[in-house]
Amino acid sequence: MRAAPTDVRPVRVVVRPEITAFVALGANLGDAAQALRDAFAALAGVPGVRLVKASSLYRTAPIESNGPDYINAVAEIATTLTAPELLMALQAIEHGAGRERPYRNAPRTLDLDLLLYGNASIDSATLTVPHPRMWERAFVLVPLHEIAPGLVTTDMRKAVSEQAIQRV
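For the record, in the sequence shown the residue sitting at position 28 is 27 according to numbering that gives the first Met the number 0, with numbers rising by one throughout.
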């Protein structure tokens, strides 16, 4: 029998604490409702991501664009990924759903936006958190209020009350 090596060094494993994050989901091409259900499942399957809550699905008219109505939702996740890693995972899910970006606000098979990442404030060339227009959009605030009512005030909801939104 061989003797155990004497120069064995312990492996250092760094485990990041989970961060609560919120992701907006939207689609208006193909079977948009199914695309969102598939995206919830895809989110839950990302290593380092745990799906905590998923809002109901909501129908809204396009804003600053054209095309069919959108189906929207919001997911609460717990993640050990960094914000840039999470963004890359979201973009990979979009790509897997056939997302194309031919022009700004083009109709889409799937859109995933990182709304909030813990209490972080991020302003980089590739990521802005909190999402810069989230407080102006009923399609974000209504489903966000459904799953995290403490994050959305009555005044915030009142500010978007003229934007039509309907639970599917």
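Hints were generated in silico from the structure; no laboratory data involved. Since the model is a prediction, treat every value here as computed from it, not as a measurement. Ideal Cβ placement from N, Cα and C applies to all residues, glycine included. There could be a bad hint or two in this list.
In silico EDC-like links for lysine to aspartate or glutamate, alpha-carbon gap of 20 Å or less [to be verified]:
| id | residue 1 | residue 2 |
| --- | --- | --- |
| 1 | K52 | E145 |
| 2 | K157 | E145 |
| 3 | K52 | D68 |
| 4 | K52 | D112 |
| 5 | K52 | E17 |
| 6 | K157 | D122 |
| 7 | K157 | E135 |
If you anchor each label on the Cβ, the simulated ranges turn out as follows [claimed, not checked]:
| id | residue 1 | residue 2 | range |
| --- | --- | --- | --- |
| 8 | D122 | P46 | 22 to 32 Å |
| 9 | N65 | A158 | 21 to 31 Å |
| 10 | L150 | P9 | 21 to 31 Å |
| 11 | E161 | L126 | 22 to 32 Å |
| 12 | T19 | D122 | 48 to 58 Å |
| 13 | R11 | E161 | 50 to 60 Å |
Each hint tested on the structure:
no., hint, result
1, K52 x E145, "holds (10 Å)"
2, K157 x E145, "holds (15 Å)"
3, K52 x D68, "violated (24 Å)"
4, K52 x D112, "holds (16 Å)"
5, K52 x E17, "holds (15 Å)"
6, K157 x D122, "violated (27 Å)"
7, K157 x E135, "holds (10 Å)"
8, D122 x P46: 22 to 32 Å, "holds (27 Å)"
9, N65 x A158: 21 to 31 Å, "holds (24 Å)"
10, L150 x P9: 21 to 31 Å, "violated (41 Å)"
11, E161 x L126: 22 to 32 Å, "holds (30 Å)"
12, T19 x D122: 48 to 58 Å, "violated (20 Å)"
13, R11 x E161: 50 to 60 Å, "holds (55 Å)"
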